[in-house]
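Engineer: Here is how the chains run, residue by residue.
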Amino acid sequence: MQAVIVILGWTAFAVVLARALQPAANSTAPQAAPFLGGGTPDMHAWQRFHFRPYSMSLLFIAFEMEMMFMYPWAVVFVSEGIKALAEMGMFLAILSVGILYGWREGIFRWQ
Amino acid sequence: MAMTHLVRWAARAPAPVYAAIGPGRQAEVERLLTRPGLNRAKTPRDAAILLVAGDLPSSSLDALNRLHDQLPRPRTTLRWLDGDQEAIAHRITTALRALCDGAAGEDDRLPDTPANEWKGIGPHGQGGKGMMGGTPYGRPMAMTGKDVRDGLQLDRYTTRVGPFAPMLPPGLVLEVTLQGDVICEASVQAAPFAQPAEADAPALCAARMLRLLGLDAAADRVIRGRPLRAAWVTGAVPRGLARINDTDARDRLSAWLRSRTVTVAPPDLAALLPGSEWSEAMLILASLPPSALIRAARATEAA
Amino acid sequence: MIALLALFAVWTGWRVFRVDSMVRASFALMLSFVSVGAIGVLLSAPYIGVATVFMMAVEMMVMAIFMVMFMMNPAGLNPMVMVHQHRLSIAAGVLAFVGLSAAILLSPLPSDPVPEGSDVVAQLGHELLGPSMLVFETAGVTLLATMVGAVILSSRQGWFGAADHGSRPPDLTAGGDPAGRQPGDGGGHGHHHHGGH
Amino acid sequence: MTALLVLAVLATLLGGTVLAALMDRAALPLAALLTRQRVETEAPDRMNRDLSSAWYLALAAIGLSVVPFAPGLALIDSPVGIVIWGSCEALVVVTVFLHGWSPNAPFPLIGAYRYAAIGLPIMLPSMFVLIAAALPAESLSLIDIVESQREIWNVLRQPLGLPLFLVVALAMTLRGPMDYADAADIATGTSAEESGAARALWQVARLAMLVSISAIAATVFLGGPLGPVLPGPVWLWLKTAALMALTVWIGNRVARTTPDRMLTILWVVLLPLSFLGLIIAGVMAL
Chain A
1 MQAVIVILGW TAFAVVLARA LQPAANSTAP QAAPFLGGGT PDMHAWQRFH
51 FRPYSMSLLF IAFEMEMMFM YPWAVVFVSE GIKALAEMGM FLAILSVGIL
101 YGWREGIFRW Q
Chain B
1 MAMTHLVRWA ARAPAPVYAA IGPGRQAEVE RLLTRPGLNR AKTPRDAAIL
51 LVAGDLPSSS LDALNRLHDQ LPRPRTTLRW LDGDQEAIAH RITTALRALC
101 DGAAGEDDRL PDTPANEWKG IGPHGQGGKG MMGGTPYGRP MAMTGKDVRD
151 GLQLDRYTTR VGPFAPMLPP GLVLEVTLQG DVICEASVQA APFAQPAEAD
201 APALCAARML RLLGLDAAAD RVIRGRPLRA AWVTGAVPRG LARINDTDAR
251 DRLSAWLRSR TVTVAPPDLA ALLPGSEWSE AMLILASLPP SALIRAARAT
301 EAA
Chain C
1 MIALLALFAV WTGWRVFRVD SMVRASFALM LSFVSVGAIG VLLSAPYIGV
51 ATVFMMAVEM MVMAIFMVMF MMNPAGLNPM VMVHQHRLSI AAGVLAFVGL
101 SAAILLSPLP SDPVPEGSDV VAQLGHELLG PSMLVFETAG VTLLATMVGA
151 VILSSRQGWF GAADHGSRPP DLTAGGDPAG RQPGDGGGHG HHHHGGH
Chain D
1 MTALLVLAVL ATLLGGTVLA ALMDRAALPL AALLTRQRVE TEAPDRMNRD
51 LSSAWYLALA AIGLSVVPFA PGLALIDSPV GIVIWGSCEA LVVVTVFLHG
101 WSPNAPFPLI GAYRYAAIGL PIMLPSMFVL IAAALPAESL SLIDIVESQR
151 EIWNVLRQPL GLPLFLVVAL AMTLRGPMDY ADAADIATGT SAEESGAARA
201 LWQVARLAML VSISAIAATV FLGGPLGPVL PGPVWLWLKT AALMALTVWI
251 GNRVARTTPD RMLTILWVVL LPLSFLGLII AGVMAL
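Sequence order for the protein chains is A, B, C and D.
With the UniProt record's numbering, the residue at position 31 of the first sequence is 31, and numbering never jumps.
With the UniProt record's numbering, the residue at position 107 of the second sequence is 107, and numbering never jumps.
With the UniProt record's numbering, the residue at position 116 of the third sequence is 116, and numbering never jumps.
With the UniProt record's numbering, the residue at position 117 of the fourth sequence is 117, and numbering never jumps.
It is worth saying that the hints were derived from the structure and are not from the lab.
Among the hints, a few may not be true.
No farther apart than 16 Å at their CA atoms in a straight line, the calculated lysine to aspartate or glutamate pairs in the EDC-like style are these [unchecked claim]:
hint	chain 1	residue 1	chain 2	residue 2
1	A	Lys-83	C	Glu-127
2	A	Lys-83	C	Glu-59
3	B	Lys-146	B	Glu-185
Computed Cβ-Cβ distance ranges for the label pairs, DEER-style [to be verified]:
hint	chain 1	residue 1	chain 2	residue 2	range
4	A	Ala-29	B	Gly-145	24 to 34 Å
5	D	Val-268	C	Leu-172	40 to 50 Å
6	C	Phe-17	B	Arg-298	52 to 62 Å
Far from chain C, by Cβ distances over 12 Å, these chain B residues were calculated [what the hints assert, rightly or not]:
hint	residue
7	Gly-180
8	Glu-198
9	Arg-224
10	Trp-232
The beta-carbon is built from N, C-alpha and C at its ideal position, and this holds for glycine as well.
Isolated chain A (complex conformation) (with noise of 0.2 Å):
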């Protein structure tokens, strides 16, 4: 209960802060045109934005998936002794399978 409490009050003060402390933003139209060192540009900055390493994004998310299974590991490693280090070996073996996969594959940089 503190801790959301705590967090929502962070978030709120925060929020009320800044509105405070950040003016209202006004701009004539020449000033508004995004900064290009003196060049234009011919349209709209967003657009369909070409993410280069997409592969790597996706690989990612399985990965972090599973990494959420460590947390509670973690809390019994201690006392289930070896029995929790052969069950990880081998899950964190499984998945490195993958990011092996992935590198030979190329997906870590960008396409």
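Got chain A sorted already, so can you dock chains B, C and D onto it with the hints?
Structural biologist: Only chains B, C and D this time, still in chain A's reference frame:
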């Protein structure tokens, strides 16, 4: 009360200067901006003073006006024609103090009209016909096209960068088509301004690359002739970038750091840049000494 | 408190379909999940609750990236409608709501309060290493299959060359020209400056 | 007690931010920013632009709230402290992305996507080193992690932990070699279109995050409030300040490579290293 303190502190802060560098003045400006009381702003939004060094050709006045208007108010423009560093540094601090004391600063130079006419067709007035049509908020949207790397046909963003972009050599106007952050096409719209041989000095060339690597303090030290204090400098530049005459960008940086002048044959920029990611492209350009770049761009422009 | 968070979750969930921008939609959905995670924390499931927040922050970030990448008008510069098949979706939504509410109201809910001071995270850990070990290891293999599948489907270049090497897109008309990118002109395959690093 | 802890978090955040500004020599320039106009770009996402700095600041405060100021005493006394901190890291990536997305301008947009590419995978080493620290404590709570360091600090027991976590700290505070969001080649990236008070607030939030992540690192690796003679909070402040100075120093001295290479380094070098760190921690804990 709080406001007076704020203004007093603001007057004592290093003067944030954005430099628009003209023909022949690159080396002098780069040396000037390493002085302790001055701060080299990387974007006009962070600057209060626009320093215009040298005589700009009339073709770049429009860009200068655009740049001037992008500085937040209050702002001041200073022109620097002679080479006296002491005098201009003093003028900059005086101008900053005047701004802090409540001087009005300069008005916009360009008219306050949007880039394109707004076409109020959509139900809310800002759009065109269909999801991708029209000029919402005064500009069209990017459209899909071919990609040079993985063949995924997403949007292409075309823009001109320069002539006063902080990461490009002064005077160079590049028209680039980006897909994501990878350059698909590049063409030289205006060549860099001519610079004397002094701009090829190893310390200055090394400092330009160091700034791109995020080592501003180290770059200032190198220009002032002090030993470099930084780690993993040459290693951070990828191998094989802009390989010309058997030297790549990393080789040239290490030569400059050992105070050796580098000469390279002028490359074909329009062929060199496409296919590289934006930060690689900027490293490629910074790894070419200004003299080679100027000759390269002139050749491309003529062709 | 729980009711407020639940209301916030529903409101942000509704916003997902009312905003024009894909980025706003993704992160509205994230806020909805964050408040669900906070409800989990309040229901004495601290690990599950906070892990929900963690996972959803990451996943909605990736979702925003892909939404912007592939959707038309991703920033909502032109106004648009984010929902399709209005009637069907409204009917499905109402039906699901009624069904779930009925299930909640009609089924006898167990009352099994968590004893004060019990370590729920450790219990979860013992469960994973004991009775649910098979589930846990199966999840590992499933995720490996996910990884391999995602890489195969999304990556063009690979160990054995480009994924579409030698493939031919389907015809637009019977016996006509292939649709889309033509085999051989493969934007990028031929002139790859960066294959080496 | 709670009120006292709220005050402690606030005071630490405020004092630490001022200290960080002095270390960065940014105090006077930040004050000067407040005297200038705040410009607005064409058709921006106003809500996200205004809120991103606030979220960043809030995440710094939340992160600092899980740190125990004295043994057994934290504002958020949660059994899953390091998971809360992990969520803060994940939300920092979202916040920086929104900061770059919202101005509708090319350089901030490139910065935002670059940061997403680097900020997401950097969380994996971060999770591994924090889980490694949780092994000997048999708990995810930072209070228990402090208790587990009464005999020997984690920095000695798990030698790979602190160096790896410092890399994460650089990425979370947009600093030096990991500053892919606000790099020089894109004219300070996500901040390129911000001026005046908005720019100042974003920089302040960055500094506040430096305080927060240094306090977490001091707690997890340097025993937090543990130490002889002086009271707990003083030890925590001293260790936090030392780590802040170290982070700033590294950030100013190490070159930033291209995002493409850094991505490969993250997966191929840092991730296996953090694997190794976990194995070392596991064997030591048994």
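Engineer: Now look at each hint and say whether the structure bears it out.
Structural biologist: Evaluated hints:
1. Taken as a hint, the Lys-83(A) and Glu-127(C) pair is honoured in the structure, with Cα atoms around 13 Å apart against an allowance of 16 Å.
2. Taking the CA atoms of Lys-83(A) and Glu-59(C), the gap is near 32 Å; set against the 16 Å cutoff, the hint is violated.
3. With a C-alpha separation of about 11 Å, the suggested pairing of Lys-146(B) with Glu-185(B) holds against the 16 Å cut-off.
4. Hint check: Ala-29(A) to Gly-145(B), Cβ distance near 29 Å, so the stated range 24 to 34 Å holds.
5. Between Val-268(D) and Leu-172(C) the beta carbon distance is about 43 Å. The supplied range of 40 to 50 Å therefore holds.
6. Checked against the hint of 52 to 62 Å, the pair Phe-17(C) and Arg-298(B) passes, with Cβ atoms roughly 55 Å apart.
7. For Gly-180(B), the condition that its CB be more than 12 Å from all CB atoms of chain C is violated, with the nearest at approximately 9 Å.
8. For Glu-198(B), the shortest C-beta to C-beta distance to chain C comes to about 33 Å, beyond the 12 Å cut-off, and the non-interface label holds.
9. Distance check for Arg-224(B) against chain C: the nearest CB is about 34 Å away, which clears 12 Å, and the non-interface claim stands.
10. Every CB of chain C is more than 12 Å from the CB of Trp-232(B) (nearest about 17 Å), matching its label as outside the interface.
Of the numbered hints stated above, those contradicted by the structure are hints 2, 7, listed in ascending order.
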